[in-house]
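Q: Here is how the chains run, residue by residue.
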Amino acid sequence: MIAIKISFKLNGKWVEADVEPYKRALDFLRDDMGMTSVKEGCSEGECGACTIIVNGRNVHSCLMLAVELDGKDVWTLEGIIESGETYISEAYADVGAVQCGFCTPGFIVSTKVLLDENPNPKEEDIKKALEGNICRCTGYARIIEAVKEAARRKRGDAS
Amino acid sequence: MKFNYAAPVTLEELSELKKGGGKLFSGGTDLFVKMRAGVLKPDLVVDTKKVETPKLECDKGLRIYMNTTYTDILKSGCARKYSLLMKILLEVGSPQIRNRGTPVGNLGNASPAGDFLLSTYVYDSKVIVGPSMREVPVKNFVKGPGKVDLSDEEFIYAVILEPLEGYTTYYEKVGRRNSMVISIASIAVALKIESGVIEDARIAYGSVGPTVVRFTDLEEKLIGERPKKELFESLAMEYSDRVKPITDVRASAEYRKKLTGNLLIKAYLNMNL
Ligand SMILES: Cc1cc2nc3c(=O)[nH]c(=O)nc-3n(C[C@H](O)[C@H](O)[C@H](O)COP(=O)(O)OP(=O)(O)OC[C@H]3O[C@@H](n4cnc5c(N)ncnc54)[C@H](O)[C@@H]3O)c2cc1C
Ligand code: FES
Ligand code: FES
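Residue numbers (our numbering), protein chains in the order written: chain D, 30 to 188; chain Y, 11 to 283.
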């Protein structure tokens, strides 16, 4: 099978790559691009561990092909941190919303999409926005608290 | 699992590739799950997203074109008056699924648990089938679980929902819909009441038969009547008797039958008629 050339923006920088037509975006980003924040959990769209941002929207990289990234603006947790947007990950850590940490990159990515759209989310908005991310450790209360704290920090409110 | 990928830019090419055995996809939220599970093993997947099509048109009914995602609709102002549809779409999957998944894919998948599919039965929808652009009522288009009225070269181009003006509506889904597992049962109801009397009634159920079901003879029993609790209670029993659900890991057929009736009574009580 002939590899397909793609070029896309990964964490703010244009990159080019040759990808097999059947390769998932998940495997490509993790194995070929070294973006190990993108985790493989269920591989069927349930757990959200593989969540990335494509053109401003959060999607599952396990249900997407690498070739579909062509021409897109793609963000993973690595890029969010590198670009200095650390207020979400810091809020998660400070509030104690991280236990084993496997789910955390996916949660932070979904939180970023939420807060970019709605800097002042209500509890229901937070629950709805994180519906596609599963955490088996924390029981979610701390995660919701972390999102509220991140929102306060983003708005610049003193906490 | 290895397969090839094509991304046509015209509808003619798309039709040719499908005719040659390619499996179409837009969001891939059904197709890739099935391929992963080994249920489908296509040699070629055909990405429909490079074909330029309109997204939504709201002037003559609501037209939803291929590649339009749930999120596109939820964010668009013009679809907002389709309030039952909006309620239903907000319950589909998760943000990640709504950002990729499409109503046209839901139709193509033709699962009896399909939530968008359920809404199309209530909105008396029509499917526009390419490349000829023939129009088919959705109830004739869906032939069974996963079966639709498309020949090898045909594809779904768009779906048209007729507006429901002056209707009171209700929607409920019991049991979360997971990727491969269908919900236990779902109901969508639209009633039009004029001076205290029911003028039109549409009642659709998901997951209680091989396709979404509506029984027009039972709906007609409501027409001309006042919306009284007893009326809905006796109709609920008829629905329970009529549906032919299956037993699966999530619920028994008996339970689904009982639920079918109870959902109608619950819909009645919640609509505050
Ligand atoms: C975790 C998870 C949760 C989900 N939750 C729900 C839920 O709550 N409710 C629900 O209804 N569904 C749910 N789904 C199923 C799925 O997301 C929806 O059915 C979605 O609408 C499919 O759209 P898609 O564009 O991703 O379809 P695709 O996977 O791209 O395609 C689906 C099918 O349609 C065919 N097809 C695609 N485009 C065309 C076309 N233009 N013409 C003809 N055939 C075509 C494909 O060949 C395929 O068979 C869920 C799925 C997952 C993984
Ligand atoms: S690995 Fe993609 S959703 Fe679980
Ligand atoms: S912290 Fe372990 S899964 Fe969420």
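Read the hints as simulated data drawn from the structure, not as lab findings.
Quantities reported herein were computed from a predicted structural model and do not represent experimental measurements.
Among the clues, some could well be false.
[To be verified] Here are the simulated PhoX-like cross-link-like pairs (lysine-lysine), alpha carbons at most 25 Å apart as the crow flies:
no. : chain 1 : residue 1 : chain 2 : residue 2
1   : Y       : K202      : Y       : K238
2   : Y       : K157      : Y       : K267
3   : Y       : K59       : D       : K52
4   : D       : K156      : Y       : K85
5   : Y       : K231      : D       : K34
6   : Y       : K59       : Y       : K202
7   : Y       : K91       : Y       : K60
8   : Y       : K157      : Y       : K202
9   : Y       : K149      : Y       : K267
10  : Y       : K91       : Y       : K267
11  : D       : K156      : Y       : K202
12  : Y       : K29       : Y       : K59
13  : Y       : K59       : D       : K34
14  : D       : K52       : Y       : K153
15  : Y       : K202      : Y       : K33
16  : Y       : K65       : D       : K52
17  : D       : K52       : Y       : K157
18  : Y       : K153      : D       : K177
19  : D       : K42       : Y       : K59
20  : Y       : K97       : D       : K101
21  : Y       : K153      : Y       : K33
22  : Y       : K85       : D       : K101
23  : Y       : K231      : D       : K101
24  : Y       : K149      : Y       : K231
Q: Output the indices of the hints that this structure fails to meet, ascending.
A: 5, 6, 7, 8, 10, 11, 14, 15, 16, 17, 18, 20, 23
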